[in-house]
Each structure stands twice: as structure tokens, then as C-alpha cells.
Amino acid sequence: MHIETFRPKNRELQNYIESYYILKHSKEETNISYLAFPSICSIVSVVNNAENIISQDYISVKPSQLRQLDTSLVCRFNNPICFKYQGDIKEITISFRSLGLNAFLNNPLKDYSNSFFGPFIPFSDYEKEMKTIIEIEDNTLLAESLEKYWVAKLKGFRHPFLNNAVSIIEEQPKISTLELANEFNISRKTLIKHFKHHICKTPTEYKKILRFRRTMEEMRTIKKATTLTELSYIADFFDQSHMTTSFKSLTGLPPRIFFKNLTTIQNSNIQWIFN
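Numbering-wise (our numbering), the sequence shown opens with residue 1 and increments by one.
It is worth saying that the hints were derived from the structure and are not from the lab.
Careful: at least some of the hints might be erroneous.
Unchecked claim - With a cut-off of at most 30 angstroms between alpha-carbon atoms, the simulated BS3-like pairs for lysine-lysine come out as follows:
hint: 1; residue 1: 189; residue 2: 62
hint: 2; residue 1: 84; residue 2: 27
hint: 3; residue 1: 131; residue 2: 174
hint: 4; residue 1: 248; residue 2: 193
hint: 5; residue 1: 260; residue 2: 90
hint: 6; residue 1: 24; residue 2: 189
hint: 7; residue 1: 189; residue 2: 248
hint: 8; residue 1: 248; residue 2: 208
hint: 9; residue 1: 193; residue 2: 153
All values reported here derive from a predicted model rather than from experimental measurement.
Based on the sequences and whatever the hints tell you, model everything.
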């Protein structure tokens, strides 16, 4: 499996898209599987001449003579997802920042997501254009075309309080949902409703995943030995027990085993456990 990662060059897109990658898996390779973990990002993927087959335990990505393009959106999952790749596969996956995808859509994000992993066709020309883009052989040209397409769809996103609410959570991960609602003189119920509409997560889920992702980033970048207790406080957990409980909930593994098996792709925010 070969993966090439990119960060948007377009300055406008940088406000909404965290990164994207181009993945290629050939039929000559051994079938590969990995675990992906919950993210505060909304993940959009397309696979060419292939389909995603969803079972109870994993998602299998296989070549298909019937499907020219399979498109998907992932923004509702709170547990690890196992992906299995078989045969010749080419995939483009885009990680939109927590509110980023809303800046391209006509309706709230929730209107495009009915499950943890479902089809995503946001525009009338989407399948046709993404099919053309994914078939470009040169990855540099493909990346340029991909950015050009999404720039053309950019509408912007304004909300009375959500952008500020997300910023506050990032600065104060321990803030309660009620305290956050009080910042904007709204009810807790209203705050949760808007988070679900535009992020497809509750504030509590968002904070939990944010801490988890920050812990992963800290482990990736620290240059000296750090104990799990020290790490729990760096990442704004209440204590090591809180971190362990959170990790088991989101990954199925305690932190020590999780980090021992984690692989970071090309020094990016893509971090998987290969099976």
C-alpha cells in the first residue's frame, strides 16, 4: 500500500481542510487491514472502480465492475473502524476540520449523514468530477485539480456561536456543556442541538475525542520519556485513570498497548494500527 499525504496549498481551503491523502493498493500486494480511530474531523472518501462493503466487524474495500465510484462520509463514529483492502484500489480521502465541511454544503452536515459510514453525494456534479479527478495519474496534478474543485464549491460558514464554542473547547477542554452554553446565554439543549446539526457530535463527544487526538499528537511529538501520568495532564485529562477509561472506550485498548502498536503515516495526522 502506498499513501501520499498533502496539506492544502490554497489559503482559503486551509481554513476548512486539515489534510488529504491518495492511497493506492495493488492486487499483487497482500491484503491489508488497519484500525482507524474517532476524529473531530469529518472524513470524505472516494474509491475508483471499487466499493465499500460494510459488515458488522469491518469495512471491506474491493474492486468492482459494477461501481465506477463509491463515495462515503464518516463523521459519526465513536469506536475504531477496521478497513480491509483487497485488489487494485485507488482512494482519495479528505479530512475536513470540525466545522469545515459545512462551508461547502447547502444544508447542515447532519442532513448528509445517516450512519457512521454512509454514501456522500453533496453536489449534482460530484460523482462525475471526482471520477475525473481520481483517474489523474500524476498525484501533483490530481491534488491541484482536487483543490480547484473544492475551492469552486466554497460558500463559507457563519454561525452565531458554534465557531466560538469550538475555540473555547480547544482552549478549555475541561469546560462543562452547561458552562459552555452559559457563555452564549443559551440552554444546554440548544447547544447540543447545534453541535449535532453541524458536527454530528455532542459537545461531550467532541471534548472526549479532542483529548484523545491531542494525546496522540503529544506522543508523536515529545522527544523525551514521558509517563502516562504526565501525559494525561499534558492532554487535559483529569488524571491517568480518566485517560485510560477514555482510550479503552475509543480504541478498545489501554493507552500503553495502543501507543505500542500505533503507526503514523508520513509524519501526518493519519495514525492507524495495522492488523
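query: Hint by hint, which ones does the structure fall short of?
result: Those not satisfied are hints 1, 3 and 6.
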